[in-house]
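Q: With the hints as constraints, model all of the structure from the sequences given.
Numbering (my numbering), first residue to last: 1 to 417.
Just so you know, these hints were derived from the structure itself, not from any lab.
Hints may be right or wrong, so weigh each one.
Claimed, not checked - Calculated pairs, SDA-like style, for lysine to any residue (alpha carbon to alpha carbon, straight line, at most 20 Å):
#1 K384 with V406
#2 K130 with P94
#3 K203 with L409
#4 K203 with A180
#5 K306 with Q294
#6 K359 with K371
#7 K359 with E207
#8 K130 with F152
#9 K359 with D208
#10 K362 with I385
#11 K362 with D389
#12 K306 with E252
#13 K203 with A353
#14 K203 with E225
#15 K359 with S396
#16 K371 with D358
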Amino acid sequence: MSPCNASNQNTASHCQIDALTSEVKSDIVVDVKRIGGYSRIIIHQFDPENPAPGGVDTCIRDMLTLAPEQERILLLGVSRTRPLRRMTPLGGYPAQVDFIPISRANPGDQNRRIPHSVRLLFPLVRALLKTSTRDSVLQLHRIEPFLITRWFPARRRIFFVHTNTKEALAKNSDSFWRRAPRLHAMLERIVLQNADLTVVFNKTSAEDYRLRGYPVEQMRTWYNERVYFPGSSHDRRIQSPVLTALWVGRLENPKDPLLAIEVFDALERRNSDSPQQWRYLVIGDGTLRADLQQMIAARNLQHRVKLLGACSREEVGNHMRTADALLMTSHFEGSPRVMYEAMGSALPVIATAEADPDKAIKSEVNGRISKTRDPQDLAGLFEKIDSFDRDAIVNSVHRQSASFTVSRLWNLTNGEK
1 MSPCNASNQN
11 TASHCQIDAL
21 TSEVKSDIVV
31 DVKRIGGYSR
41 IIIHQFDPEN
51 PAPGGVDTCI
61 RDMLTLAPEQ
71 ERILLLGVSR
81 TRPLRRMTPL
91 GGYPAQVDFI
101 PISRANPGDQ
111 NRRIPHSVRL
121 LFPLVRALLK
131 TSTRDSVLQL
141 HRIEPFLITR
151 WFPARRRIFF
161 VHTNTKEALA
171 KNSDSFWRRA
181 PRLHAMLERI
191 VLQNADLTVV
201 FNKTSAEDYR
211 LRGYPVEQMR
221 TWYNERVYFP
231 GSSHDRRIQS
241 PVLTALWVGR
251 LENPKDPLLA
261 IEVFDALERR
271 NSDSPQQWRY
281 LVIGDGTLRA
291 DLQQMIAARN
301 LQHRVKLLGA
311 CSREEVGNHM
321 RTADALLMTS
331 HFEGSPRVMY
341 EAMGSALPVI
351 ATAEADPDKA
361 IKSEVNGRIS
371 KTRDPQDLAG
381 LFEKIDSFDR
391 DAIVNSVHRQ
401 SASFTVSRLW
411 NLTNGEK
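A: Below you can see the structure in the form of structure tokens.
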């Protein structure tokens with residue numbers, strides 16, 4: 001169970017809507033012999049019952065939530081508990097969605113010796129041999145399974161890139177491919193050459209692919225406005241003597257949560273003689289959790305910093321509605337979803353320059369950007385955080401709501417205008 005607890009009763013109806021999208025009708029299970037007739041087949045280490053941190057998981061969930069009614073969708077994914085190679089209809093979506101778990105995996109677990117996408121390969125071959133793919137759009141988010149699908153006919157092949165590819169292979173990355181960048185580059189070329197369209201959530205990578213002659217569509221990520229929306233308690237928070245700084249992400253090197261603790265420590269020291277006090281909430285889990293705990297203890301911040309662990313999207317939304325600022329410390333991003341989610345919740349964002357490749361942060365409108373990664377510089381940006389116009393923050397990103405963006409994504413990937 002998540003250590004977070006949803007606390008805002010006024011948002012219960014919104015939370016229930018999205019909770020339905022992950023329910024599984026467990027009373028209907030079909031043995032897979034030969035299947036077909038799907039308009040789209042989504043292949044990823046995706047578990048509909050257990051959300052994983054990261055943009056891919058959220059992308060797939062929101063695409064399912066806002067899928068056109070006429071779609072018939074097959075998910076080839078993973079499960080920790082459900083019978084493998086058995087079809088289960090998923091409830092709560094506007095379109096028909098069937099799920100076949102083909103491998104055991106916990107997508108949120110970064111302590112793995114073999115990448116989840118590699119563990120999917122042999123079961124994927126077996127599943128595709130039983131699946132009619134000729135009339136389907138194949139949607140993939142990882143290089144390894146895409147290479148397998150090359151040998152199966154399809155109406156269209158869509159490849160999704162969710163990050164800055166070059167940065168993802170750099171020293172601050174947690175990708176397995178950083179150990180073999182040349183092999184990755186070779187396999188990437190094969191994928192890009194065979195994709196009918198590559199959807200890229202990063203401007204730098206999109207421009208690189210486009211210059212190399214590949215069919216590319218650059219997009220920004222979005223926020224689900226049924227989960228991330230302004231609260232009604234901004235005035236109460238501003239008047240409170242205790243302000244809340246929030247950090248949300250995987251506790252892994254690319255997100256640099258250790259820098260966040262340094263920033264919180266610097267902010268404490270800056271305000272040691274001030275009547276205004278802060279508390280700090282860290283949402284997420286990962287391999288750096290023990291390091292964070294040690295740093296928090298060493299700097300005597302236990303009374304101020306709380307590590308909440310992994311939380312559901314509904315819980316994150318509740319925390320954003322009762323916080324005063326979001327801190328982002330990433331070394332690199334693709335198109336950072338948490339940034340849009342915070343702004344959609346009327347929360348100003350304090351960020352390193354690397355955390356905002358979309359240039360969505362407008363100074364004194366919806367956040368502030370630090371030119372350095374110095375904790376003191378970042379801490380200084382929290383001054384007068386209550387000066388932001390919360391309505392202006394939401395208005396700055398209204399076109400990045402899911403209702404604007406996801407329908408366009410469905411049209412693009414189906415080959416429609």
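Q: Confirm or reject each hint.
A: Quick rundown of the hints versus the structure:
1. K384 with V406: violated, 35 Å
2. K130 with P94: violated, 26 Å
3. K203 with L409: Given that 20 Å is the threshold and the Cα spacing comes to 16 Å, the pair holds.
4. K203 with A180: At roughly 24 Å apart (the allowed maximum being 20 Å), A180 and K203 break the hint.
5. K306 with Q294: holds, 13 Å
6. K359 with K371: holds, 13 Å
7. K359 with E207: holds, 16 Å
8. K130 with F152: holds, 11 Å
9. K359 with D208: At roughly 18 Å apart (the allowed maximum being 20 Å), D208 and K359 satisfy the hint.
10. K362 with I385: holds, 14 Å
11. K362 with D389: Distance of about 12 Å is within 20 Å: holds.
12. K306 with E252: Holds, at roughly 17 Å.
13. K203 with A353: Distance ~15 Å between K203 and A353 Cα, so the pair holds.
14. K203 with E225: violated, 24 Å
15. K359 with S396: Satisfied, since the Cα-Cα distance of roughly 12 Å is no more than 20 Å.
16. K371 with D358: Holds - the C-alpha atoms of D358 and K371 are around 16 Å apart, at most 20 Å.
In summary, the numbered hints that this structure violates are 1, 2, 4 and 14.
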